[in-house]
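**Student:** Sequence:
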Amino acid sequence: GDWQSRLSPILEEEGQRPEFDIHRYGDRIIQTVMEEMEQKKTLNSDLKLSAAGQSSPSNVVDFRSVTEGQESYEVCRLFLSSLMLCNSGNVALSHEHNGATVATPEQLKIELLQGQVDRPMETFLAPSITAEQENAMLVQ
Numbered sequence: 549g550d551w552q553s554r555l556s557p558i559l560e561e562e563g564q565r566p567e568f569d570i571h572r573y574g575d576r577i578i579q580t581v582m583e584e585m586e587q588k589k590t591l592n593s594d595l596k597l598s599a600a601g602q603s604s605p606s607n608v609v610d611f612r613s614v615t616e617g618q619e620s621y622e623v624c625r626l627f628l629s630s631l632m633l634c635n636s637g638n639v640a641l642s643h644e645h646n647g648a649t650v651a652t653p654e655q656l657k658i659e660l661l662q663g664q665v666d667r668p669m670e671t672f673l674a675p676s677i678t679a680e681q682e683n684a685m686l687v688q
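Quick note on numbering: the sequence shown equals residues 549 to 688 in the numbering used here.
Be aware that one or more of the hints could be misleading.
Unchecked claim - Distance ranges between label pairs, derived from CB positions: (1) Val-687 to Pro-566: 44 to 50 angstroms; (2) Arg-572 to Ser-613: 16 to 22 angstroms; (3) Glu-567 to Ala-684: 33 to 39 angstroms.
Quick caveat, the hints were computed from the structure, so don't treat them as lab data.
Every residue, glycine too, gets a C-beta built ideally from N, C-alpha and C.
Turn these sequences into a full structure, and let the hints guide you.
**Tutor:** The structure is reproduced here in structure tokens:
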């Protein structure tokens with residue numbers, strides 16, 4: 549019906565987009581943040597001083613630096629991946645507290661806590677698999 553005719557082009561457009569691999573996007577975020585940190589370090593050493601009130605930790609960058617020039621669907625994917633990185637302890641997300649109850653994307657900051665991404669799901673074995681392996685070892 550009518551809903552199918554509205555949804556069909558949206559689904560077709562989605563089908564044309566690159567596959568979403570949350571780990572690849574996470575790696576991209578970490579790499580971009582590290583590059584931004586390196587640029588900050590170079591800039592700060594060139595200036596040798598910072599303006600009062602302008603100093604910020606060298607491991608904190610604007611989320612915009614990660615999403616700059618990206619399509620809106622890519623920004624969503626990058627944000628989701630940054631939440632995964634936050635959950636795994638690689639980054640911390642924060643925003644400027646200017647009295648607003650809701651942060652805008654322009655206020656979002658990413659702080660790099662750890663550059664090595666831990667992927668527990670890649671090495672996770674369900675208890676049933678672990679038990680099967682133990683039983684197989686006992687039989688040998």
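**Student:** Work down the list of hints and note, for each, if the structure agrees.
**Tutor:** Hints, one by one, checked against the model:
1. Val-687 to Pro-566: 44 to 50 angstroms: 45 angstroms Cβ-Cβ, so the 44 to 50 angstroms window holds.
2. Arg-572 to Ser-613: 16 to 22 angstroms: Given range 16 to 22 angstroms: holds, Cβ gap about 18 angstroms.
3. Glu-567 to Ala-684: 33 to 39 angstroms: Since the Cβ atoms of Glu-567 and Ala-684 sit about 35 angstroms apart, the hinted range of 33 to 39 angstroms holds.
In this structure, every one of the numbered hints holds.
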